[in-house]
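Participant: The chain contents come next:
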Amino acid sequence: MLIKIGDWLDERFSWREVWAAIFERKVPHVNWFYTLGSATLFVAINQAVTGILLTLYYVPTPDHAYDSVVYITTQLPFGWLIRGLHHWGASAMVILTVLHLLRVFYFGAYKYPREATWISGVILLLVVIGFGFTGYLLPWDQKSFWATTVGTQIAGLAPFVGDWILRIARGGRDISAVTLARFFGTHIWVLPATLAALVGIHLYLVIRIGITAVPKKDE
Amino acid sequence: MDNSEDKQLSRRNFMKVAIASIGGVIGAVLGLPAIPYIMGPALQKESDDWIQLGSISKVELDIPTLFKKTIETQTGWIDTEEEILVYVLTSNGQDYIVMSNVCTHLACRVRWIPEKDSFFCPCHNGVFAKDGAVVAGPPPRPLDRFESKVEDGVIFIKRG
Ligand code: HEM
Ligand code: FES
Chain U
61 MLIKIGDWLD
71 ERFSWREVWA
81 AIFERKVPHV
91 NWFYTLGSAT
101 LFVAINQAVT
111 GILLTLYYVP
121 TPDHAYDSVV
131 YITTQLPFGW
141 LIRGLHHWGA
151 SAMVILTVLH
161 LLRVFYFGAY
171 KYPREATWIS
181 GVILLLVVIG
191 FGFTGYLLPW
201 DQKSFWATTV
211 GTQIAGLAPF
221 VGDWILRIAR
231 GGRDISAVTL
241 ARFFGTHIWV
251 LPATLAALVG
261 IHLYLVIRIG
271 ITAVPKKDE
Chain F
217 MDNSEDKQLS
227 RRNFMKVAIA
237 SIGGVIGAVL
247 GLPAIPYIMG
257 PALQKESDDW
267 IQLGSISKVE
277 LDIPTLFKKT
287 IETQTGWIDT
297 EEEILVYVLT
307 SNGQDYIVMS
317 NVCTHLACRV
327 RWIPEKDSFF
337 CPCHNGVFAK
347 DGAVVAGPPP
357 RPLDRFESKV
367 EDGVIFIKRG
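First to last, the sequence lines map onto chains U and F.
My numbering puts the first residue of the first sequence at 61, with every later residue one more than the last.
My numbering puts the first residue of the second sequence at 217, with every later residue one more than the last.
Any given hint could turn out to be false.
Computed list of lysine-lysine pairs in DSSO-like fashion (alpha-carbon distance at most 27 Å, straight line) [claimed, not checked]: (1) Lys274/F - Lys285/F; (2) Lys86/U - Lys171/U; (3) Lys365/F - Lys274/F; (4) Lys86/U - Lys232/F; (5) Lys232/F - Lys64/U; (6) Lys261/F - Lys374/F.
For the record, the hints were derived by calculation from the structure and aren't laboratory data.
Keep in mind it's a predicted model, so treat the numbers as computed, not measured.
The whole structure should be built from the sequences, with the hints applied where relevant.
Facilitator: Below, the structure is given as structure tokens:
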């Protein structure tokens with residue numbers, strides 16, 4: 061039955077070809093460091109799923125944000141788990157992305173013809189950091205408030221354009237309801253959309269070009 | 217996996233099974249808690265405390281008497297104060313019935329009009345008798361009643 065449905069779909073979508081191109085492609089004999097990209101992708105999916113679940117209850121306004129987060133962690137069944145996964149996943153995401161970058165760097169895998177993969181990767185790293193920065197404000201506790209105060213203040217130190225950047229980031233002179241709303245919007249719409257597009261490009265290139273072999277001593 | 221015929225489990229098939237089962241476990245650990253997490257608030261039992269309305273001394277025989285009470289409820293992370301209005305009626309000074317002032321048609325608030333000896337609903341001209349029975353208009357059923365008890369001259373109703 062399932063095979064029949066699979067055949068029917070395959071006749072119209074040729075999905076088996078796509079499956080084969082992704083999962084049955086030839087790869088050189090590599091080592092565990094080459095799994096770091098997939099590990100990052102796995103955590104990214106975890107972040108997406110748990111993040112979507114959090115938005116079912118989280119409310120991005122100064123009078124509700126903190127209470128809704130406390131409600132999630134203390135009142136809801138498994139709320140602590142969902143929030144915990146998202147919280148620790150955020151740190152894992154940054155660490156894994158950086159380790160993956162280092163693997164690519166030390167194995168010289170950024171060279172021709174993989175420059176575009178590298179560049180899409182650099183933007184991905186910025187997006188991952190953006191997630192961390194905007195997400196940190198959302199619980200709206202003392203720690204988030206002051207971290208964002210300091211973080212945006214640092215941006216404000218940039219020569220000439222600093223004050224302008226600071227005002228755009230905060231949506232005004234001070235950290236306010238406006239800041240919280242735009243950090244939330246960035247965290248759940250702007251960055252995920254960018255991440256999805258870039259991961260698409262990144263993985264297309266990885267599959268299209270094929271991954272590098274482990275460099276030899278004399279290379 | 218059917219490896220009943222060729223006893224040898226190939227490395228490839230072993231990996232397939234291993235990946236599928238580990239993946240399944242991870243998927244379950246991540247996915248299953250999502251169900252109670254989503255349904256939590258819907259399944260939460262509402263507290264069934266008795267709410268104290270006040271002294272029954274002001275309730276005269278056969279006249280629905282209005283009681284006002286502010287009750288605190290918690291919805292999600294928000295504490296709300298809600299004012300409920302109920303009518304208390306007794307025909308013998310022993311048994312009390314407590315009726316909600318919410319119209320059973322579309323939830324407007326009904327009022328006791330002593331001159332007419334009835335409850336009137338301003339929205340679609342629903343009319344109820346003093347015991348809550350429908351007399352005229354669109355309401356489909358009598359006024360809702362609260363479970364109640366009287367202790368030491370004080371009347372209580374059950375929440376919910
Ligand atoms: C959200 C973050 C990222 C995800 C999900 C991701 C995912 C992946 C995956 C699954 C691969 C396949 C090979 C492997 O796993 O090593 C890969 C390869 C690659 N990535 Fe990333 N990556 C990310 C960030 C980055 C960053 C920050 C860089 C560098 C700036 C980068 C540069 C590359 C390059 C050049 C390759 C090709 C390596 C080769 O052919 O051996 N990626 N990426
Ligand atoms: S709501 Fe009372 S009559 Fe319609």
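Participant: Would you mind marking each hint as holding or not holding in the structure?
Facilitator: Hint-by-hint comparison with the structure:
At roughly 15 Å between alpha-carbon atoms, Lys274/F and Lys285/F fall within 27 Å of each other, so this suggested pair holds. For the suggested pair Lys86/U and Lys171/U, the alpha carbons sit about 20 Å apart, so the restraint of at most 27 Å is met. At most 27 Å may separate the alpha-carbon atoms for a hinted pair to count; Lys365/F and Lys274/F meet this at roughly 16 Å. At roughly 17 Å between alpha-carbon atoms, Lys86/U and Lys232/F fall within 27 Å of each other, so this suggested pair holds.
Annotation: proposed proximity of Lys232/F to Lys64/U holds, straight-line Cα distance about 21 Å (limit 27 Å). A distance of roughly 14 Å separates the Cα atoms of Lys261/F and Lys374/F; the hinted pair therefore holds under the 27 Å criterion.
Of the hints listed earlier, there is not a single one the structure fails to meet.
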